[in-house]
Amino acid sequence: MPIITFEQSNGTATEVEVADGGNIMRAAVSNGIAGIVGECGGQAMCATCHVYVAPEDAASLPEISESEDEMLDCTAAERTEFSRLGCQVRLGGATQQLRVTVPSDQV
Amino acid sequence: MEQRIVIIGAGHAGVQLAASLREAGHRGPLSLINQEKELPYQRPPLSKDYVAADAASEPLALRPESFYAEHNIDVLADARVDSIDRAGRFVNLGTGAQLPYDRLVIATGARNRPLTCEGSELPGVYGLRTLDDARALKLRLADARRVVVIGAGFIGLEFAAAAKKRGLEVTVLEFATRPLGRAASEPLSSWFDAEHRGSGINLRCNEGLERIEAREDHLQVTSTAGSDYVADLVVYGIGVLPNTELAAESGLSCENGILVDELLRTSDERIYALGDCANFPLADSSERVRLESVQNANDHARALALTLTGQPTEYRELPWFWSIQGEHRLQIAGLCAASDDAVLLGEPETGKFSIALFRGGVLAAVESVNRPADHISARKLLSSGTPITASMLEASASLKELARSTPIPA
Numbered sequence: 043m044p045i046i047t048f049e050q051s052n053g054t055a056t057e058v059e060v061a062d063g064g065n066i067m068r069a070a071v072s073n074g075i076a077g078i079v080g081e082c083g084g085q086a087m088c089a090t091c092h093v094y095v096a097p098e099d100a101a102s103l104p105e106i107s108e109s110e111d112e113m114l115d116c117t118a119a120e121r122t123e124f125s126r127l128g129c130q131v132r133l134g135g136a137t138q139q140l141r142v143t144v145p146s147d148q149v
Numbered sequence: 475m476e477q478r479i480v481i482i483g484a485g486h487a488g489v490q491l492a493a494s495l496r497e498a499g500h501r502g503p504l505s506l507i508n509q510e511k512e513l514p515y516q517r518p519p520l521s522k523d524y525v526a527a528d529a530a531s532e533p534l535a536l537r538p539e540s541f542y543a544e545h546n547i548d549v550l551a552d553a554r555v556d557s558i559d560r561a562g563r564f565v566n567l568g569t570g571a572q573l574p575y576d577r578l579v580i581a582t583g584a585r586n587r588p589l590t591c592e593g594s595e596l597p598g599v600y601g602l603r604t605l606d607d608a609r610a611l612k613l614r615l616a617d618a619r620r621v622v623v624i625g626a627g628f629i630g631l632e633f634a635a636a637a638k639k640r641g642l643e644v645t646v647l648e649f650a651t652r653p654l655g656r657a658a659s660e661p662l663s664s665w666f667d668a669e670h671r672g673s674g675i676n677l678r679c680n681e682g683l684e685r686i687e688a689r690e691d692h693l694q695v696t697s698t699a700g701s702d703y704v705a706d707l708v709v710y711g712i713g714v715l716p717n718t719e720l721a722a723e724s725g726l727s728c729e730n731g732i733l734v735d736e737l738l739r740t741s742d743e744r745i746y747a748l749g750d751c752a753n754f755p756l757a758d759s760s761e762r763v764r765l766e767s768v769q770n771a772n773d774h775a776r777a778l779a780l781t782l783t784g785q786p787t788e789y790r791e792l793p794w795f796w797s798i799q800g801e802h803r804l805q806i807a808g809l810c811a812a813s814d815d816a817v818l819l820g821e822p823e824t825g826k827f828s829i830a831l832f833r834g835g836v837l838a839a840v841e842s843v844n845r846p847a848d849h850i851s852a853r854k855l856l857s858s859g860t861p862i863t864a865s866m867l868e869a870s871a872s873l874k875e876l877a878r879s880t881p882i883p884a
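Taken in order, these protein sequences are the chains called A and B. In the numbering used here, each residue carries its 1-based index in the first sequence increased by 42. In the numbering used here, each residue carries its 1-based index in the second sequence increased by 474.
Since the hints were derived computationally from the structure, they do not count as laboratory data. Keep in mind it's a predicted model, so treat the numbers as computed, not measured. Do not take every clue at face value.
[Claimed, not checked] Some residues of chain A that are not near chain B, with every Cβ distance over 12 Å (derived): (1) E49; (2) S72; (3) A89; (4) E123; (5) T143.
[To be verified] To give an idea of the chain B side of the interface with chain A (calculated C-beta under 7 Å), a few residues: (6) P518; (7) P519; (8) P538; (9) W796.
For glycine and all other residues, C-beta sits at the position ideal for the given N, C-alpha and C.
Using the sequences plus the hints, can you model the full thing?
Structure (structure tokens):
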């Protein structure tokens with residue numbers, strides 16, 4: 043199964059297994075990862091599952107859709123070129139390992 | 475002294491409150507009474523993704539099971555409260571046990587307004603609110619071909635669009651003159667009316683439900699216009715009723731919900747209410763409202779957690795909502811009123827636009843279709859405390875530009 047490593051701003055890291063096709067937000071919420079809220083349940087409506095993906099993993103992920111792009115402009119923590127909404131990034135296929143950093147703020 | 479806090483109800487509001495209380499430093503005993511057997515779960519996807527053909531079969535839990543133990547939250551599952559003893563400060567559980575409290579929070583939510591016509595209890599007629607509802611419905615959807623939806627509100631239309639996407643024949647009966655009439659402006663209603671019809675949904679306004687009859691292998695739905703519709707299943711979404719019985723029976727003031735003040739306190743200073751069941755004073759307004767939304771539940775919970783841990787916090791958050799109607803993402807910031815002046819932003823033909831609603835010359839709400847940036851900017855503007863006029867908006871290239879140039883208090 044694909045594995046996501048969630049890194050917190052204080053340096054602690056947690057590894058989480060994800061079902062094939064599962065997304066980052068769902069994996070985080072199901073495993074109680076602090077700092078990922080997912081208030082809308084995964085519909086790219088609330089921008090509270092913002093993560094920074096590791097630069098080396100960013101290119102292999104599916105492209106950012108228009109609605110994800112617009113919502114990323116509205117995150118509580120600053121958007122960078124590695125920002126994604128966790129609910130919009132599914133794992134599986136070529137993406138078996140992913141490292142993400144959880145921002146300091148979501149709401 | 476460490477207070478004992480009991481929360482009745484484990485929907486979005488109750489669960490968020492329990493989590494926020496621990497975050498805010500509440501260390502005393504904390505009980506969460508869950509009427510359902512399930513681990514508390516996300517409700518919004520039930521009428522959207524969950525009923526899609528390719529959806530995950532399990533809903534998303536609000537928190538993992540381990541969360542409650544780790545945070546020392548005592549979850550009583552499949553439990554109910556029979557009554558509140560305000561003098562003795564305890565609740566009577568269905569099991570006969572008593573649970574004492576220092577502070578009690580009522581987060582009982584709302585339930586579907588039931589159909590009352592002939593045939594409303596027939597098998598194949600479903601409401602859609604709980605996971606049990608959604609599971610039963612999903613099962614039945616697998617071999618249904620024709621569905622009749624009663625009510626063109628958010629839930630009814632979300633479900634109608636999801637059913638249409640699955641290839642079903644969909645009829646929607648709405649007794650009012652337009653869809654989404656209770657929650658949206660007139661121009662937004664007419665855009666969605668055209669959009670849903672265009673996708674092949676038979677949306678019938680000015681046509682209510684008269685009765686449902688069982689035929690040999692289907693249901694026959696008769697409308698108030700005298701038309702008959704054939705259905706393999708009927709889904710209704712005609713609004714909700716706040717669950718106020720427990721509060722009312724214990725003598726708390728209720729009127730379209732449990733009446734609370736700006737601290738979300740009921741007429742008993744040890745008892746609070748929040749979320750769908752609470753009727754609260756809207757900030758900077760003389761109005762009271764009762765809102766049914768995830769935002770309202772969560773933000774109420776965050777404010778109340780502070781109040782209950784020694785930082786009295788008046789509730790002042792801007793209401794916002796979202797809905798997924800087929801391919802379209804609808805987001806609403808603020809509360810619209812029938813008398814608002816609508817200003818259109820963008821071109822509806824492109825499927826991306828917003829409607830800015832002005833009341834007394836000042837921006838009161840913004841409805842956005844497939845324009846998330848407008849929505850978020852509107853939330854910032856409407857929360858800023860700066861009155862936004864139509865001419866300020868006209869002078870700006872977009873809501874986003876205006877939000878950038880408007881001072882936002884920290």
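Structure-based check of all given hints:
With 12 Å as the threshold on Cβ separation, the claim that A/E49 sits away from chain B holds: the shortest Cβ distance comes to roughly 19 Å. Not every C-beta of chain B lies more than 12 Å from that of A/S72, the closest at about 5 Å, which undercuts listing it as non-interface. With a least CB separation of 7 Å from chain B, A/A89 falls inside the 12 Å interface cut-off, contrary to its annotation. No beta-carbon of chain B is positioned within 12 Å of the beta-carbon of A/E123; the least distance is around 18 Å.
Under the 12 Å C-beta cut-off, the non-interface status given to A/T143 relative to chain B holds; the minimum distance is some 21 Å. With its C-beta approaching chain A no nearer than about 5 Å, B/P518 sits inside the 7 Å limit, and its interface hint holds. Evaluation of the B/P519 hint against chain A yields a held restraint, the C-beta minimum of about 5 Å falling below 7 Å. Hint on B/P538 holds. Least Cβ distance to chain A is approximately 5 Å, under the 7 Å limit.
For the restraint placing B/W796 at the interface with chain A, the shortest Cβ-Cβ distance is roughly 4 Å, inside the 7 Å limit, so the hint holds.
Hint violations for this structure: numbers 2, 3, all remaining hints satisfied.
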